[in-house]
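Colleague: Spelled out from the first residue to the last, the chains are:
There are 2 protein chains.
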Amino acid sequence: MAEFFHVLTADEFIQLMGCFGRLASEQVHLDVSLGRILSREVVSKEDLPEGARSTVDGFAVRAEDSFGASDSIPALLNLAPAIPMGEMPGFTLQPGEAAPIPTGGFLPRGADAVVMVEYSNPAGPDAVEISRPVTIKTNVLEKGEDARLGESLLLPGRQLRPQDIGFLAALGITELHVGRQPRVAVISSGDEVIPIERKPGLGQIRDANGHAISALIRTCGGEPVPFDIVPDDAAALDKSLRDALTTADVVTLSGGSSVGTRDLMVDVVSGLPGVKVLAHGVAIRPGKPTLLANQAGKAIIGLPGHPVSALIVAQVFLVPFLRYLQGGKLEKGPLGCRASAALATSIHSTIGLEEFVRVRLEGTPGQYVAHPVFGKSGMLSTVVKADGIITISMNAEGLPKGEVVSVIQL
Amino acid sequence: MAEFFHVLTADEFIQLMGCFGRLASEQVHLDVSLGRILSREVVSKEDLPEGARSTVDGFAVRAEDSFGASDSIPALLNLAPAIPMGEMPGFTLQPGEAAPIPTGGFLPRGADAVVMVEYSNPAGPDAVEISRPVTIKTNVLEKGEDARLGESLLLPGRQLRPQDIGFLAALGITELHVGRQPRVAVISSGDEVIPIERKPGLGQIRDANGHAISALIRTCGGEPVPFDIVPDDAAALDKSLRDALTTADVVTLSGGSSVGTRDLMVDVVSGLPGVKVLAHGVAIRPGKPTLLANQAGKAIIGLPGHPVSALIVAQVFLVPFLRYLQGGKLEKGPLGCRASAALATSIHSTIGLEEFVRVRLEGTPGQYVAHPVFGKSGMLSTVVKADGIITISMNAEGLPKGEVVSVIQL
Chain A
0 MAEFFHVLTA
10 DEFIQLMGCF
20 GRLASEQVHL
30 DVSLGRILSR
40 EVVSKEDLPE
50 GARSTVDGFA
60 VRAEDSFGAS
70 DSIPALLNLA
80 PAIPMGEMPG
90 FTLQPGEAAP
100 IPTGGFLPRG
110 ADAVVMVEYS
120 NPAGPDAVEI
130 SRPVTIKTNV
140 LEKGEDARLG
150 ESLLLPGRQL
160 RPQDIGFLAA
170 LGITELHVGR
180 QPRVAVISSG
190 DEVIPIERKP
200 GLGQIRDANG
210 HAISALIRTC
220 GGEPVPFDIV
230 PDDAAALDKS
240 LRDALTTADV
250 VTLSGGSSVG
260 TRDLMVDVVS
270 GLPGVKVLAH
280 GVAIRPGKPT
290 LLANQAGKAI
300 IGLPGHPVSA
310 LIVAQVFLVP
320 FLRYLQGGKL
330 EKGPLGCRAS
340 AALATSIHST
350 IGLEEFVRVR
360 LEGTPGQYVA
370 HPVFGKSGML
380 STVVKADGII
390 TISMNAEGLP
400 KGEVVSVIQL
Chain B
0 MAEFFHVLTA
10 DEFIQLMGCF
20 GRLASEQVHL
30 DVSLGRILSR
40 EVVSKEDLPE
50 GARSTVDGFA
60 VRAEDSFGAS
70 DSIPALLNLA
80 PAIPMGEMPG
90 FTLQPGEAAP
100 IPTGGFLPRG
110 ADAVVMVEYS
120 NPAGPDAVEI
130 SRPVTIKTNV
140 LEKGEDARLG
150 ESLLLPGRQL
160 RPQDIGFLAA
170 LGITELHVGR
180 QPRVAVISSG
190 DEVIPIERKP
200 GLGQIRDANG
210 HAISALIRTC
220 GGEPVPFDIV
230 PDDAAALDKS
240 LRDALTTADV
250 VTLSGGSSVG
260 TRDLMVDVVS
270 GLPGVKVLAH
280 GVAIRPGKPT
290 LLANQAGKAI
300 IGLPGHPVSA
310 LIVAQVFLVP
320 FLRYLQGGKL
330 EKGPLGCRAS
340 AALATSIHST
350 IGLEEFVRVR
360 LEGTPGQYVA
370 HPVFGKSGML
380 STVVKADGII
390 TISMNAEGLP
400 KGEVVSVIQL
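Protein chains in written order, with numbering that gives the first Met the number 0: chain A, 0 to 409; chain B, 0 to 409.
What the hints contain is simulated information worked out from the structure, not anything from laboratory work.
Some clues are possibly wrong.
Copies of one chain are not kept apart here, so a pair can be met inside one copy or by any two copies together.
Stated by the list, open to error - No farther apart than 35 Å at their CA atoms in a straight line, the calculated lysine-lysine pairs in the DSBU-like style are these: (1) Lys-297 - Lys-331; (2) Lys-238 - Lys-198; (3) Lys-198 - Lys-142; (4) Lys-44 - Lys-198; (5) Lys-384 - Lys-331; (6) Lys-328 - Lys-384; (7) Lys-400 - Lys-331; (8) Lys-400 - Lys-142; (9) Lys-142 - Lys-275; (10) Lys-136 - Lys-384; (11) Lys-142 - Lys-384.
Model, not experiment: these values are computed from the prediction.
All chains, please: the whole structure from these sequences, using the hints.
Modeller: Quick look at the structure:
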């Protein structure tokens with residue numbers, strides 16, 4: 000317990016998280032791959048489309064037959080058989096012919112362009128007039144133009160979106176290799192903490208952390224594994240941590256807002272077999288007492304006990320870490336949509352601490368004004384009232400009123 | 000079938016969607032409420048905290064006993080019993096006393112402020128020196144300061160975030176009323192369309208739409224209900240639509256990129272019992288042939304057959320509609336994070352059509368450059384390469400190079 004832990008910067012803390020190996024990949028069906036992160040490159044096994052297709056309703060032609068056509072002097076072409084959907088036309092289009100073709104229809108051999116139906120006029124049962132010239136490939140999606148056999152379609156690290164799923168579906172790629180989703184043990188500790196279903200006795204508080212952190216874990220693809228609330232007792236905490244380490248890929252532990260219980264948490268984590276405490280203390284506000292340890296390759300993240308601090312630390316470190324474990328890149332959180340806003344008031348900050356300030360947004364996108372949310376640090380209502388967070392760097396004494404800041408919406 | 004449908008603007012189309020009633024609400028446990036939309040106001044049933052708590056480690060005092068204290072002339076106070084976590088102190092703090100208190104500890108009667116431990120010095124076994132004065136309520140979270148009995152905490156229409164869940168957990172609110180999640184039938188049609196597991200025969204294509212639209216439905220809390228692919232046959236389409244209308248809350252139908260199959264879709268939808276076709280045709284590109292009908296209060300949305308157009312139309316209309324049905328406000332999509340970017344090239348556009356242009360983003364936030372993604376309209380690879388979409392209003396002939404645009408990231 001006599002180890003010395005220096006306080007790290009948030010960037011150093013994130014770097015340290017990179018020492019953990021990513022989770023193994025697993026194969027999943029395309030239909031359950033939304034939001035998952037690819038662990039292998041996806042390569043096309045065929046050409047898309049497999050043959051030239053029309054992108055409009057009209058007439059498949061040989062482009063040269065349309066040259067010079069106009070409203071006053073249309074080209075008169077003989078009708079070839081109409082091309083049905085769902086079939087590859089069996090005939091070859093001869094010079095001087097036009098074949099009716101629907102959007103998506105495959106071009107017959109010999110055809111190299113499509114004239115839109117708007118630029119045609121019927122000319123008896125066997126012929127059609129074309130009033131506009133087309134060049135080769137006009138209104139045609141060529142074989143392999145969307146995807147080519149052997150082409151790299153998507154790279155590892157990509158998080159799958161609906162459009163990616165549509166593209167892979169079109170190519171018949173129904174199985175994907177993605178990073179496994181981490182099981183994350185969520186342990187709340189503290190003699191005063193009780194399950195949320197219970198009415199607190201005098202001096203007790205409900206376990207807000209367990210539920211907020213579990214929800215946050217879900218937002219980034221993790222599976223929260225809730226553990227029973229642990230009292231401030233070394234043996235109980237040790238047992239809970241050991242259970243969690245056998246069950247889960249990552250262990251989060253919150254509690255210990257007072258110095259005494261924080262010390263207990265550090266002592267118990269330090270005493271686990273083969274554990275290495277990587278960091279105890281990060282130069283951020285809120286969240287200074289954050290702890291990071293490595294036990295046989297599994298991360299233990301000790302969050303502050305204050306629910307507000309615990310949430311912000313989890314947004315800064317835990318969410319990016321869980322994405323990293325699944326194959327994403329490691330970056331400092333909070334991760335979210337960023338909006339520019341002018342600060343409504345100046346904000347003081349302490350040199351040497353990176354600060355995360357809750358703000359409300361007023362106005363409309365492009366003209367937002369960010370109002371710091373006032374309230375004491377332990378107030379959960381402040382994170383509920385906030386639309387997002389701004390960060391103030393370690394080297395700044397604060398930010399002046401009117402400064403344009405980047406608000407991370409959460 | 001002789002009805003006349005005028006082409007609507009996208010805004011008119013969205014307005015029309017507002018004629019559908021929202022889904023009933025349902026009661027869910029807090030732990031599965033992430034991302035759900037509240038259908039009832041949440042009111043606090045108690046005060047949080049239920050008594051005054053310390054926000055720091057230190058000494059609970061009567062503020063007046065600290066007045067005038069300094070490093071050179073500290074206030075000497077008698078030690079009262081230490082306050083344990085998880086208990087309401089049973090004693091009353093007397094004038095001239097200080098009680099050790101941990102962060103989160105409840106103040107004893109008589110105490111009205113807390114001095115941080117940093118500003119204290121031990122003075123023998125029974126006393127402590129205080130070197131800073133505190134005013135009343137310093138380092139104290141008052142009873143009800145975070146939430147007050149009877150206070151409105153969250154309003155209907157709010158989508159629940161992890162921090163909201165933490166706040167409600169702290170207040171013991173474990174059951175919530177949220178909008179039911181819509182079951183959305185996904186029907187793909189077309190003689191040429193085959194399941195994605197099959198190798199296309201000559202002229203066939205795989206059902207990209209069904210899978211992309213299903214994934215998109217999941218992103219906004221809907222439950223996709225996939226139906227078998229329907230051939231271009233009125234009786235088969237009619238049967239599938241009737242089945243879907245009995246099973247699902249919303250029916251989406253894609254297919255019909257050619258004029259013939261589009262007409263078939265309209266005819267069959269128009270022929271359903273008690274149906275009212277609200278719109279057939281929207282002045283947008285891509286997506287003009289979009290259809291909206293109301294059958295006994297359920298919406299039928301006919302999407303274009305082109306997978307790219309179907310996806311964009313679903314982002315513009317279906318996603319906001321599904322959020323609206325769950326209790327969200329009705330707004331025009333695409334919904335997503337917005338980033339400012341300078342256009343890399345000028346873009347032409349047609350007056351009278353609202354255009355949705357796929358763009359790639361280069362550079363870093365705040366300095367993004369948006370590059371239109373080139374490629375023919377039917378190419379799925381274009382939506383995969385795109386980071387987002389910009390909209391060009393109906394009244395614009397295009398956008399000049401360098402124009403600062405709002406990119407909706409998708």
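Colleague: Now tell me if each hint is right for this structure.
Modeller: Consistency of the hints with the structure:
no.: 1; hint: Lys-297 - Lys-331; verdict: within (20 Å within a copy, 45 Å between copies)
no.: 2; hint: Lys-238 - Lys-198; verdict: within (27 Å within a copy, 54 Å between copies)
no.: 3; hint: Lys-198 - Lys-142; verdict: between (67 Å within a copy, 16 Å between copies)
no.: 4; hint: Lys-44 - Lys-198; verdict: between (60 Å within a copy, 11 Å between copies)
no.: 5; hint: Lys-384 - Lys-331; verdict: both (23 Å within a copy, 25 Å between copies)
no.: 6; hint: Lys-328 - Lys-384; verdict: both (30 Å within a copy, 19 Å between copies)
no.: 7; hint: Lys-400 - Lys-331; verdict: both (26 Å within a copy, 34 Å between copies)
no.: 8; hint: Lys-400 - Lys-142; verdict: between (58 Å within a copy, 32 Å between copies)
no.: 9; hint: Lys-142 - Lys-275; verdict: neither (57 Å within a copy, 41 Å between copies)
no.: 10; hint: Lys-136 - Lys-384; verdict: between (57 Å within a copy, 23 Å between copies)
no.: 11; hint: Lys-142 - Lys-384; verdict: between (54 Å within a copy, 19 Å between copies)
In this structure, only the earlier hint numbered 9 is contradicted, and the remaining ones agree with it.
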